[in-house]
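Trainee: Using the sequences plus the hints, can you model the full thing?
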Amino acid sequence: MSGGSWTRYAFVAFVAVLVAVPAVAPAFWVTLGNYIGLYSIVALGLVLLTGVAGQTSFGQAAFVGIGAYTTAWLTTSLGYTPWITLAIGLAVTAAVALALGAITLRMKGHYLPLATIAWGISLYFLFGNLDFLGGHTGLTSIPPLAIGSFELKAERALFLFVWAIALAALWATANLLDSRPGRAIRALRGGFEMAEAFGVDGARMKTVVFVYAALLACVSGWLYAHLQRFVNPTPFSINMGIEYLFMAVVGGAGSVWGAVVGATLITLLKQVLQDILPGLLGRSGNFEMIVFGVLLVVLLQRAREGVWPWIARLLPRSAPRPVPDAPPLKARHHAEHPGPLLEVRAARKAFGGLVAVNDLTFDIRAGEILGLIGPNGAGKSTTFALISGALPLTTGDVVFRGRSIGSRPPYEIARRGIGRTFQHVKLIPGMSVLDHVALGAYLRGTTGVARAALKLDRQEEARTRAEAARQIARCGLTAHTFESAGSLALGQQRIVEIARALACDPTLLLLDEPAAGLRYLEKQQLAALLRGLKAEGMTILLVEHDMDFVMGITDRLVVMDFGEKLAEGLPAEIQRNPRVREAYLGGVAE
Amino acid sequence: MVARMLRRPLVAGLAIAFAFAAQSARADINVGVTLSATGPAASLGIPEKNTFDLVPTTIGGQKINWIVLDDGSDTTKAVQNAKKLVAENKVDVIVGSTITPASLAMIDTAVEAETPMISMAASARIVDPGNPKTRWIFKTPQSDSLMADAIAVSMKANGVQTMGYIGFADAYGDGWLAEIKRSAQTAGIRVIAEEKYNRNDTSVTGQVLKIVAAKPDAVLVGAAGTPGATPQKELVSRGYKGRIYQTHGVANPDFLRVVGKDGSGTLLPVGPMLVYEQLPDSNPVKKVAADYINKYEARFGTRSTFGGHAWDAYLLLNAAIPEALKRAQPGSKEFRAALRDALEKANVVATHGVYVMTPNDHNGLDNRARTMVRIDNDKWVVSR
Amino acid sequence: MDLPIVALLAQDGITNGAIYALLALALVLVFAVTRVIWVPSGEFLAYGTLTLAGLQLGKASGIAGLLAGMAVVAGAMEAWRSIGDGEARRLPARLALWTGLPLAIAAALYFIAPLQPPFFVQILLALTAVTALGPLLYRIAFQPVAEASVLVLLIVAVAVHFALVGLGLWFFGAEGSRTPPFTSASFELGGVTVSGQSVLVVATSIALIFALALFFNRTLYGRALRATAVNRVGARLAGISPGFAGTLTFTLGALMCAFCGVLIGPITTVYYDSGFLISLKGFVGAIFGGLVTYPAAAAGSLLVGVLESFSSFWASAFKEVIVFTLIIPVLLWLSLTTQHHEEDE
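Residue numbers (my numbering), protein chains in the order written: chain A, 3 to 592; chain Z, 2 to 385; chain R, 7 to 351.
Source of the hints: derived by calculation from the structure; they are not laboratory data. Since this is a predicted model, take the numbers as computed values, not measurements. Ideal Cβ placement from N, Cα and C applies to all residues, glycine included. Treat the hints with care, as some may be off.
[What the hints assert, rightly or not] Here are some chain A residues pointing at chain Z (derived, C-beta under 7 Å): (1) THR139; (2) GLY140; (3) ASN234.
[Stated by the list, open to error] Residues from chain Z that keep clear of chain A, each with C-beta distances beyond 12 Å, as calculated: (4) ASP29; (5) THR59; (6) ARG136; (7) GLY160; (8) GLN186; (9) LEU280; (10) GLU324; (11) THR359; (12) ARG375.
Mentor: Below you can see the structure in the form of structure tokens.
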């Protein structure tokens, strides 16, 4: 969603076509359009949940069912108007999604999709076994929607209404993806740990996305009930849940347009097959499902990212949105703190019987570059993880500016003013350098999902982007601002990570082996950047394996071996220290 | 640029749209059929679909276009089909669908298009005279209630005082459970166990053990097609000695093949067509059923009572269309109304019985539409 | 609920659980090597039973036709690839494997079926035919997207599932079938009747599981598959091509599922669309093993079988609700106690 100019024209053209459809198209195609609209809304939620956030769900049909059954029951049994039942349906869905999300979103890997199958099936049979919901047979005589005294009974009137909602959902979702929470959501898949290091509460964000997708499904269900005016459990079964996922993936789960393309493609394909196959293959068999399956296999082989990217390639590439200057984001408080900035106090980490870090104690003083070095397996990375919150301490503590941060989650540590990079660069493929660095400024903004979806965040967004551009310039990467971060050389990627860490306006910068894998020239550039940062007053903890690199730029060094502190002092002292030499020679010999 | 990019697919799309919307000649009568030839109800829908390959293409000298669509046993698709038939094919009457939920879901579409609809599903709810919408709706299969009464009467005659029920966890099973409870109560029989299972379940041991433990005098299995054999075989292998009843849903040769010797002695009410050979010549149904079954078996092998429901829908139309033609031209609102009126007055001898439609009874079947049969040596034998 | 009922329910649950366990193992195997969540495994089971039931009636033209059709498509794909890679020299051998062999099986099936051979021969024929579908399916549907994401592979698997269910309806009809029992023996064990068929199912499952363990630990091919499962890149460096590993895996997986079909045929009615729910339960079992470990997958499957059996006794209307709701806390516990790496997702 790079929001260029042509997308706006395309959007306007799309809306124009939609408005024209009910006026000129044959009645049945309006009917199909209605169903496509309903399916698009659900698939849109899946694009966000599965395509972007990486949480595969087979259970969306169950949320559609909650929306449909809530309104069906309340309007037929209690005579509520559909407008109230929509609100109630959304509330019920939100409650159910929160409860299910609280349990299932903790699951990782393949447990989550299976859990969604599990509650998808459970809810289906629950609908079928509740007598007041009409059991397996269903509820009839659901009233049509009405605006004032105008009944949305005719397909053509309903078409405009359904697509007005679908477009609103599309607009809101596209806005959401291109915003502060959107960047966090895009980082959830493959960059969960990274997002948390910049203050994103990943678990909460997953829940938000899950509820958002469920609410979209609920709206679709509400519309379905009043379009169909009949509900029974089968449209909310696991098969339909699979079909929604199908639509999102076939359309292209990486983009909001993929949802619309997928819903359209699947619906029309089925319809066309129903129309032409009996003529081609005769009426004696039922070949629709067979041909449908085969065609989709072929399609996915040709376009495995879905159909939308394939279409998008044919469309003109839009120029990236420029970054206009904007007032800076509020700086975070860097109040002077007496004493060391960070104190590691007898930190200990044991994995079972293996003690990786053994009662390690050292300080970092404000304004210095401290190097933490040691041979392979000395416990440097574990120490780094204990400071950054990636691992909890077994015993001991880490104190930052006089307050304990030991064993706190990474997003809390980030809030205290600590920025970090990763030993293995953590960049999201397809996300631009600018977006990555803007994600770094996550904690300096306040926009939530609702504001972002409604596009009320433009002022803050402009300031965030301007800030990101400044940090990119500070690190000398301006030429690459709009490139996909994944396409850069490793050296540049490490610099992007530093720019991202700087965007959070940290008091302390933690760098995890930033020189690893870099060529000589790249190391020189990195060293120059770090010296510049120090000159601006930044405090840096540098965990490094490369002795030569460290010696040139650090103020002090802490040397670790076998999980313990071997030595501490000025680089020159350390170089002369016989124990260090022995450890490193041993390290070389291994 | 963009406009051009978008225009091409749009034009192509609209061209396809209009191509498929091409309308058939005005003078013909269009009959739209939607049935469940795939999905869970496929074993019911396939013989119905086959039957529409046999129906004549003229009635009363008018050419009839039979437009047959599959709804995959899915209510959404059934409604979509109904809307398509109404909007694109301008049908004069809708036939379908195979299952109760799909038929119920289609009612609103038919009523709004003022198009008569003949359902091939079981539940009496579809033609509930208390619902003003059902003015446009008719149905051919015997209602569950009619068949349930027959079972209750047979049970009573066999001295049954308590019964157990095991049926599909779907609309078919639920419908039967409701009806048999009502019929049993009238007959003074207590339902002491109610169990459900899914058509595809690999095992019903748990349910059957519970029923056997309750020691009912008889057990009714509320299922359609070969899945009806699963609880029956389990009951037999658990040593259940009471009578086993099935519903007319299982009345096809595949059920006999699968249930094998465990089926012997089973009682069930069926439409008379299944055993037309054993009917007395005086029964008017015999000749009609023989005619249909001979045609069907010559082409598709073995008979199915579900195909009969489709044939009966044709027979109803065969009687009503000439009447309606006297009043209006096909394709018009007036013709559809006239067809509805004619269907409401229909008095037709068909394969499943004699339809005597009235404004209060849009099914029109009576006791002549059911015969108790017993499974004996892999054959259906009329039980007297 | 007295003791005999408990024992009978347990027997029923374990029998079904043994079937789920075999399916779960097939799913774990296929996933570990190819990353495909093999949704159509259930169709292979259903095809196994229904092909055997068809052979009983002397009919097998549907499967034979499918095999022949897939053989032609696979042959065309191989020809395209060979010419594209400049390996036309190797084409005859490839065609013999991908087109000749399946065509031969199809022909055997087509001509032997009407002769109504002995039951044992019928079983062999059914197993061979359905097993042959496995590698063909891999070659045609999955190999071209072998490097795609797990999600895309899953969606391809679902599309294949749709096609196979549709074909199943066409070949076998909407009604179900059973096959004759292998044994009608039953015996008393502590006052409870145990059916010979159940014992056979459980014993065969256990035997097959041990055979697989032997295959993976003792044979070259088995070790190659294990190597691929552990490390795809490493396996390729060691000279095991992913295409070969995938083909072998799908052959094994198809064989296991078809075998399940033959085992289950005498104890229940199988329909053209029975596969999905059965494989879903196998999948639940497989997930219990994290899609990685075989013993945990087998244990999970047994748990599902027993849970299902008892809940169908207690509250049959809510059977699936109970089974699938109860697995959620188990999943949660498993998820929280296993280590995950972000890169795996």
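Trainee: Which hints from the list above does the structure break, by number from lowest to highest?
Mentor: none
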